[in-house]
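Taken in order, these protein sequences are the chains called A and B.
Take 1 as the starting number for the first sequence in our numbering and just add one per residue.
Take 1 as the starting number for the second sequence in our numbering and just add one per residue.
Some hints here could point you the wrong way.
When chains are identical, the list treats them as one kind, so a pair holds in a single copy or across two.
[Claimed, not checked] No more than 30 Å apart at the CA atoms, straight line, and that leaves these computed lysine-lysine pairs for DSS-like:
1) Lys187 - Lys231
2) Lys277 - Lys124
3) Lys39 - Lys97
4) Lys8 - Lys124
Treat the hints as calculated values from the structure; they're not laboratory data.
Because the structure is a prediction, the values reported are computed rather than measured.
Residue-level listing of the chains:
Number of protein chains: 2
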Amino acid sequence: MAFDRLIKRIDELHNPSVAGLDPRLEYVPQFIQDASFVKLGHTLEAAADAILQFNKALIDALYDVVPAIKPQAAYYEMYGWAGVRTLAETIRYAQSKGMFVMTDGKRNDIGATMTAYATAHLGKVDVDGVELEPFGADALTVNGYLGTDGIQPLLDVCEKYDKGIFVLAKTSNPSSGELQDRLIDGKPVYEIMGEMCENWGSRQIGAYGYSAVGAVVGATYPEQLAELRKKLPHTLFLVPGYGAQGGGAQGVAGAFDENGRGAIVNSSRAIMCAWKKEENCPETAFAEAARREAIRMRDDITAYL
Amino acid sequence: MAFDRLIKRIDELHNPSVAGLDPRLEYVPQFIQDASFVKLGHTLEAAADAILQFNKALIDALYDVVPAIKPQAAYYEMYGWAGVRTLAETIRYAQSKGMFVMTDGKRNDIGATMTAYATAHLGKVDVDGVELEPFGADALTVNGYLGTDGIQPLLDVCEKYDKGIFVLAKTSNPSSGELQDRLIDGKPVYEIMGEMCENWGSRQIGAYGYSAVGAVVGATYPEQLAELRKKLPHTLFLVPGYGAQGGGAQGVAGAFDENGRGAIVNSSRAIMCAWKKEENCPETAFAEAARREAIRMRDDITAYL
Chain A
1 MAFDRLIKRI DELHNPSVAG LDPRLEYVPQ FIQDASFVKL GHTLEAAADA ILQFNKALID
61 ALYDVVPAIK PQAAYYEMYG WAGVRTLAET IRYAQSKGMF VMTDGKRNDI GATMTAYATA
121 HLGKVDVDGV ELEPFGADAL TVNGYLGTDG IQPLLDVCEK YDKGIFVLAK TSNPSSGELQ
181 DRLIDGKPVY EIMGEMCENW GSRQIGAYGY SAVGAVVGAT YPEQLAELRK KLPHTLFLVP
241 GYGAQGGGAQ GVAGAFDENG RGAIVNSSRA IMCAWKKEEN CPETAFAEAA RREAIRMRDD
301 ITAYL
Chain B
1 MAFDRLIKRI DELHNPSVAG LDPRLEYVPQ FIQDASFVKL GHTLEAAADA ILQFNKALID
61 ALYDVVPAIK PQAAYYEMYG WAGVRTLAET IRYAQSKGMF VMTDGKRNDI GATMTAYATA
121 HLGKVDVDGV ELEPFGADAL TVNGYLGTDG IQPLLDVCEK YDKGIFVLAK TSNPSSGELQ
181 DRLIDGKPVY EIMGEMCENW GSRQIGAYGY SAVGAVVGAT YPEQLAELRK KLPHTLFLVP
241 GYGAQGGGAQ GVAGAFDENG RGAIVNSSRA IMCAWKKEEN CPETAFAEAA RREAIRMRDD
301 ITAYL
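So here's chain A without its partners, still in its complex pose:
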């Protein structure tokens, strides 16, 4: 089961966190950008090339500290098809270093179209009898607004290729409550979505008691996080919003079960841009700075477990 692999790696590294790779070009040190501009001019291909070099150096610095990366698809699409090629190459590079890769795409659609997304990001596509892997991540974030028709195709692909999904339940943003906190028969929408996750995951429960269907629950709502942890015993949580968005380690503690498992906490900018925050850090030391921040975050979170 895909999340068994993830939890095993979390245990080995004693680190329930994931490095979000959401690379705006501005985050990439100038010397890397310049090398790409010299090669490829001021093009989307150059931006994508610079980001790939940046990502690979970060992965080299992080893979024995952090069990997983979470590339955010939006930042790759922002650099066009070349950016999307960098996404594919980043996924393969991280996996070659033993990291678990969850593509943050929040994809959603129905039936055959959702199967196409599942195939794209987690499965293999048939090209005239030859099976090819378009992106090959280990897990994908998805949006459950369309109901079971939008999730079932994912479950089939997860089962066939040993992959997992995280469904948005309670997101970390300030206006998440506009819909997600509204009550349906006395229950908030995010809880109903969480219950759907338990239900969708019931067919594929792994060795640690967690299913192949996780949920995204923001660090910025510690009460809902703790409440959902109790109500959704088989649902692994992907927790965004730690650090930059204001969620602290203490608030995140409620996401974990009594064995210190059941959640993985994301940090993106704080790790990627650590070199900009550290005093007197030369830009050439960006990867070491990222590693230091990842270790600081690990120690910050595990102190509460």
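Place chain B on chain A using the hints.
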């Protein structure tokens, strides 16, 4: 205003429909596939190349009948970064023929990440002082589950670059009701989402009375379609589910206002695969078959207006 351009083109062609370009490789005639395999082997690049040739021929056959195309991102992502390059090239080719392009991506995220999606699909990205257009569609479908934080960045990009969005309200699939029909204070979720669309769009109302924020409302729920048309007077509807999913032209009629405007109806497979359905249609005549089906659909829908 982006949707003024679309409505003007709909009026000119007397055709409120859009051709969905959701190209599985199996839909592409074998002679096109074979030419790509000879050039590029059995690779994702070959599949993407075959799909691009297919799309271009369809666009050539449709552009003076159908005002718009709606490429579904999932089917391009399914062929990896090369497939995504085909998406970008399809968008540019259709626009060069005067077609309005709405990318069906159902994207959703928050804050800076949603800005990245908006920039990717509708705007321009800054690469070290040079502004480049990653995909450049005219409109994008999005999912509003995350609330205003997930929509505001789109509105800013729409205003700056004269683009539009369609927010999922009531989708065409059987299980759409699991969440969308549930009642919040006596109102179904899809209606609340529709009201949010009216609200988000209120800043950018065009010459025909429709805003830059449309809604996706499925043809398979004619009652909700007619009901929402009355309740959301400034919201243009993108209506999927006609034909293949079981929605008929009569049911779709309720999506239009008293001037026969206010909606655009999608058909994907029926147009793309018309050559497979027509009796004795040689595969080389696939584009003419698509044109015949597009004309049949136009006449079918406009008969009820």
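These are the hints, each one checked on the structure:
no.: 1; hint: Lys187 - Lys231; verdict: both (12 Å within a copy, 27 Å between copies)
no.: 2; hint: Lys277 - Lys124; verdict: between (41 Å within a copy, 28 Å between copies)
no.: 3; hint: Lys39 - Lys97; verdict: within (27 Å within a copy, 34 Å between copies)
no.: 4; hint: Lys8 - Lys124; verdict: within (25 Å within a copy, 42 Å between copies)
When the structure is compared with the earlier hints, no violation turns up for any of them.
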